[in-house]
Amino acid sequence: MRVGFPGALLYYQYYPLCKTFFELLGAEVVTTPPTNREMVTAGSSMMVAETCLPVKVFMGHTIYLSDKCDYMFVPAVRCVEKGVYNCSKFLGLPDMTRAVVPECPPILELDVDVEKGKGNLYRGIYKLGSRLTHNPFKVKRAAEEAWRVHHQYVDYMCEWGQTPLEVMDEMFGGNGHRQVDKVEKFLSGDSIALIGHPYLLYDAYVSNRVILRLRKMGIRVATPEMVREVDLHSGTVAVDGGAYWSYGRDLVGAGGYYLRSDVDGVIGVMAFCCGPDSLMMDTVRRYAVRLKKPFMQLIVDEHTADAGLITRLEAFVDMIHRNKRR
Amino acid sequence: MKVGFPHCGSAYIPAKAIARELAGGAELIVPPSNSKRSLSLGVKYAPEGLCIPFKLTLGNLIEVCELGADTIIHAGGAGICRLGHYAKTQEWILRDMGFDFQMLYFELSKRKLRDMMSLIKVASGGASWLRILLALRFGLVKLGVVDDLERMVHKIRPRELHKGTATGIYRQAVDAIDMAGSHAELKKIKADYVDRLRQIPLDPNADPLLVRIIGEIYVVLEPFANMDVEVELGKLGVEVRRHNYLSQWAKFSFFLNNIGVDENRKIHKAAMPYLKHDVGGDGWESVGEKVLCNDEYDGMVHLAPFTCMPETVAMNIMASTRENLPVLTILCDEQMGKAGMITRLEAFVDLLERKRRVSRKSEKLARV
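From first to last, the protein sequence lines stand for chains A and B.
The opening position of the first sequence corresponds to residue 43 in my numbering, with each subsequent residue numbered one higher.
The opening position of the second sequence corresponds to residue 9 in my numbering, with each subsequent residue numbered one higher.
Isolated chain B (complex conformation) (with noise of 0.2 Å):
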């Protein structure tokens, strides 16, 4: 059995590291990294008025199926987003252009932690609970570990004195710990990069705006899909932060939510007064960061692919809130060009400082 997947951040590492763990099982294969090829790819395929995560996720299936996958793991099930039925959908057209293969479907809405093992059971060939749980939980702290390093890389970008070091180094990183064949070389691993992290040489001036990203999940964490904003943003000074993280998604929706764990109820109270339901993909959410970041933020970048149905309610809302703080909107789709991207990220970043510089002048004067 050749096991396929589409591409989502990087779930790509955790994917591979089950698989090695239960070597002997059904082979894997990645699909190519995110490229114009897969883009374009799934932009022929699918219907024209869905959504980027769509159309560069039949991309990925596409490739997949062409380096010769039988079987093929989505994400699927009712939900209130469009993403439910993406994999009955792209099912349908890779079939209409010829392939055979067998889908397995990952049920998003409820019970992730069992179905999430059961479908690693059938692709495993029947490795033994224990085995398939122990798989799991290595490839989850994998995952855990690219996530720290991403982290202290948002502080370090816009600190650094020779752009670009951080990013270098972490990239570096993320394909030492995909290599990591044990706990103990993983922890190595990870302390070796946190000190050369660490010893990046720092501008002792500098003095970063704080922007947070909030958004749509896909795009946020696929760097192809928003054209690297956060190493765009890191150039131009700014530190990044935000709440999706992969394995923060993993931790919840695997464990702690079973346990009622709520991840998100602090942001969907102070959501309560403009948007009092969930309304489907990361809408609530979004609507919920703006007046929770309005104290300790300059700005934020909410990140939606064009046409998806939350995120559009949300900007609705965002727009007419009390908390006036600053949102520039990127819309992601395939037309999109990076020389636009940064121009507005300039802009933005010009408009966040001008409003720092006033604010931090009219306290001085207060102060006097």
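If we strip away everything but chain A, and leave its shape as in the complex, we get (with noise of 0.2 Å):
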């Protein structure tokens, strides 16, 4: 039995916990290749132009997976946090999969909602489980190795300072997973962090390999998964006064925190026609007004080419070496 997990979206936050659930039921997890042109294509070529990048290449993903697996799972992540709802396609995730790739194999899905109680999470994964055996208990087992495995691997994150694919690359040894850019000299002491969502900053092809080419420029780089949940909750909490989003925290309590640290500047980077980014970017553009502190925010879309990119990129540290000298 194999379950096809698609490599975009959901994929940076979840797959060690996914692969660790359905291998100890007994399935292969299967996932994709880094995002190339063609899987963008595909995607795009299949959904209203209007939708977000994100959402087309996940969709290029799994029209890539659809005939090297048995299942899908796409999960549907709506409330993680009481009173904190995600983006509509987060929502709508499964069923939109359903329609947009009529070519892609039975779905797994799980609802993940706090809202109506963990009896209706505990149930959905058993309900979840329940597809590869029949025992509850095995289920369980499971259930719980990834729960401890997913908390691991964001602890790794935090501990080490490395971006999910060189965690992912140490946990799982490289066999089978994506290559990571290494670069080991850190030549000047200067720090950028780059806050957005992980399916932005680690998906090399959508972020146009923003955090290689800053590694590049000799620049240390922070990301969102690098800092503690208590501070991403403080920071949260100092730009908005709260939660909105399910993963504003990526957005607005990294930047909340970044902002204040002592990082030599913020890069965020959204997505062309991202709701809530648009909303949450402002939000943390004023709050660096406030403090003062270098912002830059980068908008990626499908036409996103390089040369634009590196020439702000470029122009973003000239200005903090320029900051740093005065």
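To be clear, the hints were calculated from the coordinates, so they are not data collected in a lab.
Accuracy of the hints is not assured; some may be wrong.
[Claimed, not checked] Here are the simulated lysine-lysine pairs, BS3-like style, with alpha carbons at most 25 Å apart:
(1) A:Lys124 to B:Lys284
(2) A:Lys158 to B:Lys118
(3) A:Lys158 to B:Lys277
(4) A:Lys160 to B:Lys284
(5) B:Lys24 to B:Lys10
Starting from the two chains in their separate frames, assemble the complex, guided by the hints.
As structure tokens, then:
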């Protein structure tokens, strides 16, 4: 039995969790290679043009996986904290996948909604596991182990100051996983924080390898995953008074933390048409203006070209250098 | 206290009625009706990626502040769509612009009636609950009359001999209703205008297409945002119907939802095979209505603000349902031009007419 987990959107947060869970239940987890042009084209040709790039990329990955697995795992993460909801596109992700990718194998769904109570989530997990085994204890054990691995993964990123791809590489020994761009030397002492959702920052195609480009300029790059949960929370409170979006802390929480920390500048990355970010990016920008911290906002879409991006990154880095010299 | 608020369809009518009923409390400042100026003010100060409801309401609020409002009533609270955060962001933007005011939030997520009444109590300087309830009722009755007349006008527009008569009478009616001071006067005005609308000469041979208007509630209700799409469709000989009326919304969310009546249950049930959950805003309803309206209607016009999250999900799903009802999606934003929209509507109506002709012909053949 092969379970497909498209390497986009939720991949960077939940791949270790999902891999552990399904493998303990005796299934093989299949994922996709890094995003490439074909996937993006395939995804965007199936979708309405107004959809944001990450969702188009997700559909591209799903199409790629369609004939390579028996089930597709597409969770709907609705609410992970009371009173805080997620973007509509995450809420309707399984239904949207079914509508957009007709050739997709049967979809394994999981509704994550803590507003409906823990019992509901546990039942959902059992129902998900029961597609693969009839032994509820096995499902329970797998879920607990997956949860442990997930925490370990989050802690590693935070402790080692590494990106999800690097940590996954360490955890799973690099077999069948994405290649990690490694740059050993950090020439200058400058550091820049990149804030934004993991599916933008770590997808080399979507973000146009922005992390690698900055590292090649000799800059230490910090990302939201390297911040502790507590700090993300206090960052959110400082900027916005409280969480409004489930994944808002990628931008607001990390923004609030890094803008007050000693990094030299902060770059916010968002996708064109992104509903939550269009609002939150402005909130973070307002906060940056108040603190007089260098801040730049990058908007990515299908048409983002290297040259424009490089120029803007160079200009930002130059500005930081000049700022420091003064 | 001078109270300002943003426009949303004909919401200004009940607001004015309530303010007049509770005279002696706050002064109500009605924003100038939506115009190019309100839009361009909104566009100038809003973050670019936000939808047209944000930009227009921000424009309204700026204009209200310019007129000297010191209190602003706005819808807010945690919801699933971005809308819940709009009041907060707009407050910051207005403060950055140097306006000084107090913001009163109207929570859209729960206990709407109680929240609305306590809001009115604050704004009116502590009027009695009974007076507030009576004033609110009067306002909602006015709104109901406006919407009843609008439903009539939708029927008459495609059938009238002289295009534009019904729209003209409707506009006069709205002004008259706005001025009405008592229930008796309102009743008389309603009877009067219903009579006038009934007397409009109709074309006996008219055979209008039936089109459903669906989509995000603000752009559906606000003619400036959707560029009078209903009037233009009427001119093209199309009868429009829609589910969203402000009076309907108020009736259900203030009263009936509290006792467990859900106006959308049928629509949600219809959407189940394609979309199993609420995705915020009106996305779920859009998908459901496409399924429900398949047999009765000739087509649908789907209105959505550009970058609207729920409607984008709905659009992606609606494109591949088994129900093969033609849908024209019109995205509303500040770049939109009326000529372009009319061309699209004309082409859409032509297609619908052709489709109807072909299906009638095949029905006739089948009967022979």
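Would the hint linking A:Lys158 and B:Lys277 be met if the CA-CA limit is 25 Å? holds (20 Å)
Starting from B:Lys24, check that the Cα of B:Lys10 is at most 25 Å away, please. Satisfied, since the Cα-Cα distance of roughly 13 Å is no more than 25 Å.
Pair hint A:Lys160 and B:Lys284, alpha-carbon separation not exceeding 25 Å: Between A:Lys160 and B:Lys284 the Cα gap is close to 20 Å, so the pair holds against 25 Å.
Quickly compare the C-alpha distance for A:Lys158 and B:Lys118 to 25 Å and report which way the hint goes. Holds - the C-alpha atoms of B:Lys118 and A:Lys158 are around 17 Å apart, at most 25 Å.
Under the criterion that the straight-line Cα-Cα distance not exceed 25 Å, is the pair A:Lys124, B:Lys284 satisfied? Given that 25 Å is the threshold and the Cα spacing comes to 21 Å, the pair holds.
In summary, this structure violates none of the numbered hints.
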